[in-house]
Amino acid sequence: MNRNERTTLQHHSNSMRMLLVSALTVSGSVLAYEPLTHAEISSNALSQSVLANSDLLIRIGLLPLPVDNLEQVFPLSTNQRAESIVNLIRFGSTWEDELGKTQALRHFYDPIRDRALMIEGSTISTFKSPDWALEDNGDFDNQSFSYKDARSYLYNALTGATEVQRKKFFGLTFQTLGHVIHHLQDMAQPQHVRNDPHCDSWICQAVAAATGSALFYAPSQYEKYTNLDDAGDSRNQIRRNLPYAAAGSDAVYRADNIATSPFKSPRLWWRTTAPGDDISGGWGIAEYTNRNFYSAGTIGTYPSPAKPTINEYFSSGTTEDVKVLLPGTALAGTIRFWPTQVTDSLTGTTGTNSRAISEAVFDSDIATLYPTAAPERMTYALNRFTFDAAHQFLIPRAVGYSAGLINYFFRGQLELGPPDEGVYGVIDHTVENLPNIHGFRKIKVKLRNVTPGGHDVNGRAVVEAIPTGNAGSLVAVVKFHRNACYQPSLAGEYGAPGINWRVCRSAAEEIAVSSSKPVPEGLNDAAQPMVFDFAVPIPINATDLYLQVVYRGPLGSEPDAVAVATRDIAEPTYVYQYSRWDQYLYANYPSVDPGPNTFQQWCAQGFQTYADCRTAMGLTWKVRFAAAPGFAGNSPVPQGTWSPVAAESPFDPVVTMTAPVGTYGRVAVLTDPGFASVIVQEWIDATHGTSIFRWDTGPSAGTKNQFDFLANTLDASRVYTAGRGIYVFSEDSVLLNSGTAANIPPLAPVPSVINF
Amino acid sequence: MASLVACAPPYYTADPIEAWVVDAETGQPIEGAVVTANWQLVSVGLDTGGRKLHQLEVKETRTDKNGRFYFPGFTKLNNMVDELREEDPQLLIFKPGYEYYRTVSSYPNREGQPGAHRTARFNGEKLKLTNDDQNIKKAAANLSSLTTNLESIANAGASNEVPQMLRAVACAAKRLRAKDSHLIIPVLGNAETEKNCEPE
Numbered sequence: 001m002n003r004n005e006r007t008t009l010q011h012h013s014n015s016m017r018m019l020l021v022s023a024l025t026v027s028g029s030v031l032a033y034e035p036l037t038h039a040e041i042s043s044n045a046l047s048q049s050v051l052a053n054s055d056l057l058i059r060i061g062l063l064p065l066p067v068d069n070l071e072q073v074f075p076l077s078t079n080q081r082a083e084s085i086v087n088l089i090r091f092g093s094t095w096e097d098e099l100g101k102t103q104a105l106r107h108f109y110d111p112i113r114d115r116a117l118m119i120e121g122s123t124i125s126t127f128k129s130p131d132w133a134l135e136d137n138g139d140f141d142n143q144s145f146s147y148k149d150a151r152s153y154l155y156n157a158l159t160g161a162t163e164v165q166r167k168k169f170f171g172l173t174f175q176t177l178g179h180v181i182h183h184l185q186d187m188a189q190p191q192h193v194r195n196d197p198h199c200d201s202w203i204c205q206a207v208a209a210a211t212g213s214a215l216f217y218a219p220s221q222y223e224k225y226t227n228l229d230d231a232g233d234s235r236n237q238i239r240r241n242l243p244y245a246a247a248g249s250d251a252v253y254r255a256d257n258i259a260t261s262p263f264k265s266p267r268l269w270w271r272t273t274a275p276g277d278d279i280s281g282g283w284g285i286a287e288y289t290n291r292n293f294y295s296a297g298t299i300g301t302y303p304s305p306a307k308p309t310i311n312e313y314f315s316s317g318t319t320e321d322v323k324v325l326l327p328g329t330a331l332a333g334t335i336r337f338w339p340t341q342v343t344d345s346l347t348g349t350t351g352t353n354s355r356a357i358s359e360a361v362f363d364s365d366i367a368t369l370y371p372t373a374a375p376e377r378m379t380y381a382l383n384r385f386t387f388d389a390a391h392q393f394l395i396p397r398a399v400g401y402s403a404g405l406i407n408y409f410f411r412g413q414l415e416l417g418p419p420d421e422g423v424y425g426v427i428d429h430t431v432e433n434l435p436n437i438h439g440f441r442k443i444k445v446k447l448r449n450v451t452p453g454g455h456d457v458n459g460r461a462v463v464e465a466i467p468t469g470n471a472g473s474l475v476a477v478v479k480f481h482r483n484a485c486y487q488p489s490l491a492g493e494y495g496a497p498g499i500n501w502r503v504c505r506s507a508a509e510e511i512a513v514s515s516s517k518p519v520p521e522g523l524n525d526a527a528q529p530m531v532f533d534f535a536v537p538i539p540i541n542a543t544d545l546y547l548q549v550v551y552r553g554p555l556g557s558e559p560d561a562v563a564v565a566t567r568d569i570a571e572p573t574y575v576y577q578y579s580r581w582d583q584y585l586y587a588n589y590p591s592v593d594p595g596p597n598t599f600q601q602w603c604a605q606g607f608q609t610y611a612d613c614r615t616a617m618g619l620t621w622k623v624r625f626a627a628a629p630g631f632a633g634n635s636p637v638p639q640g641t642w643s644p645v646a647a648e649s650p651f652d653p654v655v656t657m658t659a660p661v662g663t664y665g666r667v668a669v670l671t672d673p674g675f676a677s678v679i680v681q682e683w684i685d686a687t688h689g690t691s692i693f694r695w696d697t698g699p700s701a702g703t704k705n706q707f708d709f710l711a712n713t714l715d716a717s718r719v720y721t722a723g724r725g726i727y728v729f730s731e732d733s734v735l736l737n738s739g740t741a742a743n744i745p746p747l748a749p750v751p752s753v754i755n756f
Numbered sequence: 001m002a003s004l005v006a007c008a009p010p011y012y013t014a015d016p017i018e019a020w021v022v023d024a025e026t027g028q029p030i031e032g033a034v035v036t037a038n039w040q041l042v043s044v045g046l047d048t049g050g051r052k053l054h055q056l057e058v059k060e061t062r063t064d065k066n067g068r069f070y071f072p073g074f075t076k077l078n079n080m081v082d083e084l085r086e087e088d089p090q091l092l093i094f095k096p097g098y099e100y101y102r103t104v105s106s107y108p109n110r111e112g113q114p115g116a117h118r119t120a121r122f123n124g125e126k127l128k129l130t131n132d133d134q135n136i137k138k139a140a141a142n143l144s145s146l147t148t149n150l151e152s153i154a155n156a157g158a159s160n161e162v163p164q165m166l167r168a169v170a171c172a173a174k175r176l177r178a179k180d181s182h183l184i185i186p187v188l189g190n191a192e193t194e195k196n197c198e199p200e
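Just so you know, the protein sequences line up as chains L and F, in that order.
Per the numbering used here: the first sequence ends with 756, consecutive numbering throughout.
Per the numbering used here: the second sequence ends with 200, consecutive numbering throughout.
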């Protein structure tokens, strides 16, 4: 049945007619969930979502600023301007209506008949809302703002080659989410789920006049009324006072309960029952709205809510005084309302909508204003009072479903940490030290899927699973700026004399992306070691480093999701050792008291060759950047004491630096800002049979030259000063600049052995 | 029947607007309130409300010591596809400490709309601003809603026409956030807009 088939009951009285015309005529524009209403619903949804929490922003690599902060902006698709995150989502939710003349034809979905908008039996140019919004059943040539697109945009925002591209894609991600939640909000407008078109343009009016079909021109009073915002009449300040934060507006998916949530894939947000099935128990927003609310053109045409029967017409309605309904009015009279029961399957509750539908004895007056309506066929009506009542249910649900989908979109979480070696990357800086050329080509991490999945039958927290193997893929991403002042000697480090980071730090954020890797076994259960290879290295002169791992592929029941972890790691941190016996004069061998001998003369008294002496008097450092068994507090060899090498516990060093006298070894590592280390020093003098070691542990600090975006400051965590031709930490430069020998030469670099 | 349906006129004429802004409680004039008026063109769309892509005209001023503001009249060509509806103009008034004021025309349907000649219904009237009630969350919602009403101006690329309003809203939002950093208040503009805001 359509609006032309409504039951007719005539109850006319002249005085009542005047009252109804006054009460039912909505002054102001003929708007419904107008674009601006969508904007309000969307910003309230964002407030209820994980985007209001800085943790998410950090996880996806953004600054932990409030989403309305104008310091973190991204471009709109129209390229008109850059906007804050909240405005991007708001814009998308409004722009979804503005994209084209026929865009509205994609915003309907009737869950009863599983159909797009059908006008006079035709679905030409119409698409089901979930088909269009999700593109999960196939792509549309002119659709650029679907959930599927949003997934690609987010992935590109995390992995795009340039900062401009990444900002563009972050903008598109947030804007597109606005477009998608627009659809959920439309599904909370009864006309959009009950095949009730409501065009109000002059073209539609012309078509209606030409065809004689009222369906082509039927302005939505519901939408008009909802969008009213007129300070000239307090009764028309509707939009600004809608119950955005009322009960039911909490996000229907909180990103931690996928196990119990019915929304395990995007389409389920529209409907959870199978097409063709009874929707009375459905959890989708289209099902909720369809079964619980009338729309102007479908009173009595859908299974639920049923139109009041003749008996109910006479027995169950409530009569209300217009002076109560409209305080201050000069009108007199009454209006009758009938209730419905609103069932919310998601909460398992049923509430009473006491003003679900109203008597329409003044419909004939309305019909004089809308000549395409047939007055003799109008009996029950919807008006500002029924709209107010519907708002109490529908607006919070529009907010809650929108917030829930945002949470669902961003639910994928990985946990990223250092590998057993304790460092993410290591290179020999005596060999690879050229700026913009040399750098880290291998990154090791430990990775785990920590996407909340609820609890298993034993109450144990579980994750929403990522399938292992090649169904999805993982890449490591390192974001960085460059220190343009860098020099292989480290004379250009922030903290070195004369170095101004404001001059040296590159403005643009750059990115290095590894080749992709399949998902390792066990990722859902425990942290798994992974190695990522970079064809283009992370440059040795990188600063402000962020390490990310990005997953794209199936997540739970969603076929194409994105999960990400971000870690703010230290800048390349230099670990070095050197030997400086040659800076002093000595007594005769073996005494090391001050004397007249140069180091070389002293060596000649005790070693066959000078090379043997330099090697014997230098130390070998074996370094591991994490705890190691046998080198802890209960070790049989106490920390910091020299003991025979024979007593040394097995040790698996990441770096072995041997520095004969007059040389240095230096490696660059990528670490967390704080890390543990074990250094085993070995002193092997083959000539004299000396073979001893000592070990030391302790917390170490990575170089942290983090730029503070808001304060526009950068505090270098290290001070570098010159010593024997290289730049070292200031405490070492004191040692390297001391001594009694003449003509002390620069330290010579010696390669290290790296086991990584 | 079809011939009775008119498309949009080839031009629009708007009469000058003069009105006064007063405190709703005291009736005293409010000086320095920012006032914007935008004549919203509505493009054809198949949903109620059409598509708000373009502005026929956007104006901005401030009230004088008598609370008075004035916008001169104008005549502008129109493409005959887009039409003016109720926002002919949308009037927005904002002064920190008060709820924003918005008003538009009221036409029950297309047949009730005037043609090419528009006269603001509030012309010559006293427009009453209500004090906000010092509730921070409500004040934030008020600003958010005001931003929503400014959005179609921005989306039409006309933000530059309302710099005082954008700045006033951004600064008011900044002051509220200083009191409660958890508030989310969408504002238009850029980081420069809210710099050097004066304290309340």
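Quick caveat, the hints were computed from the structure, so don't treat them as lab data.
This one's a predicted model, so the numbers in the text were calculated from it and none came from an experiment.
Please note: incorrect hints may appear among the correct ones.
Here are some chain L residues the structure puts well away from chain F; computed CB gaps all over 10 Å [what the hints assert, rightly or not]: (1) Val-67; (2) Thr-78; (3) Val-86; (4) Asn-87; (5) Lys-101; (6) Gly-160; (7) Pro-197; (8) Cys-199; (9) Pro-219; (10) Ala-247; (11) Ala-471; (12) Ser-489; (13) Lys-517; (14) Gln-583; (15) Thr-690; (16) Pro-746.
Label-pair ranges, simulated between beta-carbon atoms [said to hold, decoys possible]: (17) F:Glu-125 with L:Ala-274: 38 to 48 Å; (18) F:Ala-24 with L:Thr-319: 26 to 36 Å; (19) F:Lys-179 with L:Thr-641: 25 to 35 Å.
All residues carry an ideal CB built from backbone N, CA and C; glycine is no exception.
Going down the list of hints, with the structure as the test:
no.	hint	result
1	Val-67	violated, 6 Å
2	Thr-78	violated, 8 Å
3	Val-86	violated, 5 Å
4	Asn-87	violated, 5 Å
5	Lys-101	violated, 5 Å
6	Gly-160	holds, 23 Å
7	Pro-197	violated, 8 Å
8	Cys-199	violated, 5 Å
9	Pro-219	violated, 5 Å
10	Ala-247	holds, 17 Å
11	Ala-471	holds, 37 Å
12	Ser-489	holds, 39 Å
13	Lys-517	holds, 38 Å
14	Gln-583	holds, 54 Å
15	Thr-690	holds, 63 Å
16	Pro-746	holds, 48 Å
17	F:Glu-125 with L:Ala-274: 38 to 48 Å	violated, 58 Å
18	F:Ala-24 with L:Thr-319: 26 to 36 Å	holds, 35 Å
19	F:Lys-179 with L:Thr-641: 25 to 35 Å	violated, 60 Å
When each numbered hint is compared with the structure, violations occur for hints 1, 2, 3, 4, 5, 7, 8, 9, 17 and 19.
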